[in-house]
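K.L.:
Chain by chain, the residues run as shown.
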Amino acid sequence: MKTKDTTLFPKEQVLFAIKHSFIKLNPKVLYRNPVMFTVEIGTAIMLYVTIYSAISHDKTQGSFGYNLAIFFILLFTVLFANFAEAIAEARGKAQADSLRKTREETEAKLITSNKRGFEVTTVKTFSSKLKKGDVFLCEAGDTIPTDGEIIEGLATIDESAITGESAPVIRESGGDKSSVTGGTKVLSDCIKVQMTTSPGESFLDKMIALVEGASRQKTPNEIALTILLAGFTLIFVIVCVTLYPFAQYANTPITIAAFISLFVCLIPTTIGGLLSAIGIAGMDRALRANVITKSGKAVETAGDIDVLLLDKTGTITIGNRKATFFYPSNGIDEKRFIEACALSSLADETPEGKSIIELAGKEATKNLSLEGATLIKFTAETRSSGVNLKDGKVLRKGAFDAIRKLSEQAGNKFPTETAQRVTIISSNGGTPLVVSENDKVLGVIELQDIIKPGIFERFERLRKMGVKTVMVTGDNPLTAKYIAEKAGVDDFIAEAKPEDKMNYIRKEQQSGKLVAMMGDGTNDAPALAQADVGVAMNSGTQAAKEAGNMVDLDNDPTKLIEIVEIGKQLLMTRGTLTTFSIANDVAKYFAIVPALFITSIPALQAMNIMRLHSPETAILSAVIFNALIIPALIPLALRGVAYKPIGASALLRRNLFIYGLGGVLVPFVGIKLIDLVVSLIV
Amino acid sequence: MYLNIIGSVLILVMGISLAIPVARLMKKTYSHERNFMDFILPLENFIFKICRIDPGIEMNWKQYLLTLMLIQVYWFVFGFVILLIQGHLFFNPAQVPDMEWTLALNSVISFLTSTNLQHYSGETGATYLSQLSVFLFLQFVSAATSLCAGVAIVRGLRSNSIQGLGNFYSDFVRSCTRVLLPLCLLAAVIFILNGMPMTFKGPSEIVTLQGDTTHVALGPVAGMIPIKELGSNGGGFYGANCAHPFENPNFITFVLHIIIVFLLPVAFVIFIGLYLNRRKFSRMLFVVMLAGFLLCLIPIVLSEIAGNNHIAALGINQTLGNMEGKEVRYGSYYSSFYSTVNMIIPAGTVTGMHDSYMPLSSIGMLMAMQVDAFFGGLGTGWINMFIYLIIAVFLATLMIGRTPELLGRKISIKEVQIAVIVSILSFAIPIILTAIACFTNLHYPGGNEKLGWLSNTGPHGFTTMFYEYVSSMAGNGSEFSGLGNNTPFWNLTTCIPMIMGRYIPIIGAFMIIGSYRKKLYVEPSFGTLKSDSTTLGLFLLSIILILSVLSMFIIFMLGPIAEYYL
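First to last, the protein sequences are chains A and B.
Residue numbering for the first sequence follows the working numbering, beginning at 7 and increasing consecutively.
Residue numbering for the second sequence follows the working numbering, beginning at 3 and increasing consecutively.
Please keep in mind that the hints were generated in silico from the structure rather than gathered at the bench.
The beta-carbon is built from N, C-alpha and C at its ideal position, and this holds for glycine as well.
Hints should not be assumed to be uniformly reliable.
[Said to hold, decoys possible] In silico PhoX-like cross-links for lysine-lysine, where the CA-CA straight-line distance does not exceed 25 Å:
id, chain 1, residue 1, chain 2, residue 2
1, A, Lys519, B, Lys30
2, A, Lys470, B, Lys203
3, A, Lys470, B, Lys532
[To be verified] Distance windows between CB atoms, simulated:
id, chain 1, residue 1, chain 2, residue 2, range
4, B, Asn488, A, Phe663, 48 to 56 Å
5, B, Val551, A, Ile664, 39 to 47 Å
6, B, Ile22, A, Ile664, 53 to 61 Å
7, B, Ile55, A, Ile51, 53 to 61 Å
[What the hints assert, rightly or not] Covered, in the sense of this in silico footprint (three residues per stretch, anywhere, with C-beta under 8 Å from a C-beta of chain B), are these stretches of chain A:
id, region
8, 358 to 368
9, 605 to 614
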């Protein structure tokens, strides 16, 4: 699945695309693209003119060779546009096929029940025969036949087929880790799974249909752009039709070939030909980032979000708190303190305990032993844990007030410098763990949330994109504020309850903002559904996956940043290529229009500013340029225009300079060069 | 030369400085704040009372638009009937006959739409009653109408959530009583003091030095001229328009003419900033409009003062510039300056013959009229700019990877669709009609000789025909001369662009605002493309220029450019 191939045009995809370029010539298919459809009509007319000039002796429509050349160039213009769409589809299809491999027929052990509802036997059947609500059994070594929810049992599962991650994951019934995906493999144990979606309606099925273009609906922006392009096409239809009486008035005969060439050059064929390819490529890029989207609109919306909700744990910070520092009290040897800390944590299986051992280091822990010691477990009542060693030492570690109570009950004074340290740690967003030996305070361990490396930069990047980041955490407001500042998020929701997320999203949406969030748990589902872009983790519950409009196969909470960029790239590619396409028209006008009238108004030679060889070569060069620019831009359409978070105005200036000014200048050079070549041949 | 430049810059600066207090007055007028004009309140209330209008009712976009459109129908019927039977009515000392119906239709539509094409000649074609009750009246109400439409669109851009766009009747009456009337009165007094006639007497009979008796047309001229300029109308009292010494007695009136032509369109842009409390937005619009204004103005003036090289080749001195068809009193510099200002602001008053301008000058004139948004007409210039702005914002935001938004609200398919349709029509209609005219001219039995349309054939004649339609479409109303346009064909076909050019942008803009206001207002963030940024302004200007060049390239090539190289 993780096929991050860098070649844009693998051979088999190109062959597929070439084949489909011809299939797409069918007018019934092509009419959905008004720009290219009109080019096809022009091509058909040129075919007629070519045949006419071949069989008749009427030379008013130009020579047979010239007409034939125009006909082929126009045909190739349509084919190139079809190719662009087809190659994008081929890439999507290649992605989909690798997904579909996981969907192949697998054996399923269907559990049948008798009339009273007792399970009796398992029947071997095939995954395609399963229906929604069926329960099946998966044992070690089985491939899970379809998406579902574990209703009984626990298993380790290899999900590498979907996520590319080789480490197995644990899935169990109940809770937030209960969903399994078809195509993944059970490595150990045995689970009962209930099928939760109807066949053909699972997430992957939807995605496959989407990238293959079968069920792809145009997004609102795409529709608006199509309208704009249709508008341009209409204006140029009028310009070309009215050219006929104008030319008559100016006493200039104009050949049909020239009419059609002018028309095809003027209408925005470049963007018209690449528009659907850009859309498909956008979803394809999302899929390459291992994100499955339910619709193209979701990707586009992602490019436009204003607010991003992120869970603190696992997203901004690394899983759990970690010990970061030992602070012995005055008069306590640091080495002795560290040993005590390590001893009290040796048997502690919690991540915090492990991190203390880690921080103490191998040097300090290698000689320690808990032989004959009694372990004291953490309880909510004592709020501390520890060990009673066989030499009689009593080690305790726990919350500040719990240990203070212990030491004060024993008549020991709590060291003031340690008390101060505790306050400092708390106000820095950390958690202090006080350690005592025989009810005498030894010192304090600082536990901190570790902010993921690089996360600050990523939030900075988001801020430059205009996205506000919001951290959601169960911590108290003080701690939350500290981490929020340190990680660089713009806002936070502290002591968050599930409904808080929902309320926050609603509040932002009411002020017109677009909100994205990531979530995995069932209790996230309503918020995922409410958010404009809800990204569910693949490891999350089925409910969460159904509620969101994207699923991240990598379970990477920072993936949203990539999705936002993909969405922006999608919109930008459309916008810049449209501008480029329209700007091109200036040069094409200067190539064709003087050529049309030069015979009757020789003075217009002065307007032939490119000094093109002859009227015929001028028209041919313009049409050839118009055709060639489409394949030349396919790589850009598929890869997308690079997004730089430099602020709206700066970005607009940059793109205007490259695609607007470039769009005016490039065709002057291109047409002149083509003309030099063409004039050698003719 | 330098004196001329300083003089024209001074005129522009004076006009713009005067526009600032006018904009403040407009802001107070339309936001119903207390101001010094409140003394007129009893009169307004009296008007509302006898018309049984409640000016406090908020109208939504549909109600506002419907009221605005319905009232046009009444005015049309009223004006049409009077022109048809004017010869039989009172106030007709010059014994002017009834108007022919196609001419009457054309005239009433042209005044209703602020175009003032004037296929008739004021002295011999219209009675004093028609001049006052139809032409002067329509000049006032059409100016007030476009002002209201512009104001309503500005209201639609407010960031609050009020759905209404104000009350048409209230806006309309206030536009007349507080903006147009006071300014007109002021201007009229200055005009009269400088010798402009204001009388109901018939033509005065004068015995010339040669001993012939001649009739000099008089009339209530000074009453009509201020509104023709202030309201972007352009319908003069006399056929020769501002080249007639009674319409333009001396240099002071000449300067005043120019200033009041662009006073209100400029004030309107400043008003947008004051009213919406978005000065940067209005500054952006102002700079774009001024840049476009100068882009049209400077080349024309330069090409006129350079003179005609064909005439220079004959050994005739051209140091005064191209003086053919110019107002001799003001020379080629000020004449072309005056004319171009009147091309850009579609008042379309003339002080020379535009077909005698250099061929390349007509490119600038056609551009200025076709765009009609470089300040443009009173209210309508802003509406046209608003349509361009929607398209520019749509493309610009797409180029930076955001979905389009303007001043805090999203732009959806519907808005883009309407904006595209409106601009297609405004570019396509003059071209299509010119094609029909070319075709008719060529294929009519006997051709041009029989029709007698064009005094010049070839590229010049081509420009003449296209100019007539663009001028109608833009609500400009000036003519290129050399076109026999008082014929049923021209009287009727120019009605189409006049009606379309006037009402389609207004209807379109109202529909856009209707859909736009339903969206939520969102405060801008770092990633938002600010609607007042310089870059957007630059993009807007380029979009306008590229769109007009792309749609008119062939016309320019076959008309002005071909003529230039002939």
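K.L.:
Hints first: check each against the structure and report whether it holds.
P.N.:
Hints versus structure:
For the proposed pair Lys519 of chain A and Lys30 of chain B, the alpha carbon gap of about 33 Å is over 25 Å, so the pair is violated. Between Lys470 of chain A and Lys203 of chain B the CA atoms are separated by roughly 73 Å; this puts the pair beyond 25 Å, and the hint is violated. Distance hint between Lys470 of chain A and Lys532 of chain B is fulfilled; the C-alpha atoms sit about 14 Å from each other, no more than 25 Å. For Asn488 of chain B and Phe663 of chain A, the Cβ-Cβ distance of about 51 Å falls inside the hinted range of 48 to 56 Å, so the restraint holds.
The beta-carbon spacing between Val551 of chain B and Ile664 of chain A, approximately 21 Å, falls outside the hinted interval of 39 to 47 Å. Hint check: Ile22 of chain B to Ile664 of chain A, Cβ distance near 39 Å, so the stated range 53 to 61 Å is violated. Ile55 of chain B and Ile51 of chain A have their C-beta atoms about 59 Å apart, which keeps the hinted 53 to 61 Å range intact. Closer than 8 Å: that is the beta-carbon criterion, and the region 358 to 368 of chain A has 0 residues meeting it against chain B, so the requirement of 3 is violated.
Counting residues of the region 605 to 614 of chain A whose C-beta sits closer than 8 Å to any C-beta of chain B gives 5, which meets the bar of three, so the coverage hint holds.
When held up to the earlier numbered hints, the structure conflicts with 1, 2, 5, 6 and 8 and fits the remainder.
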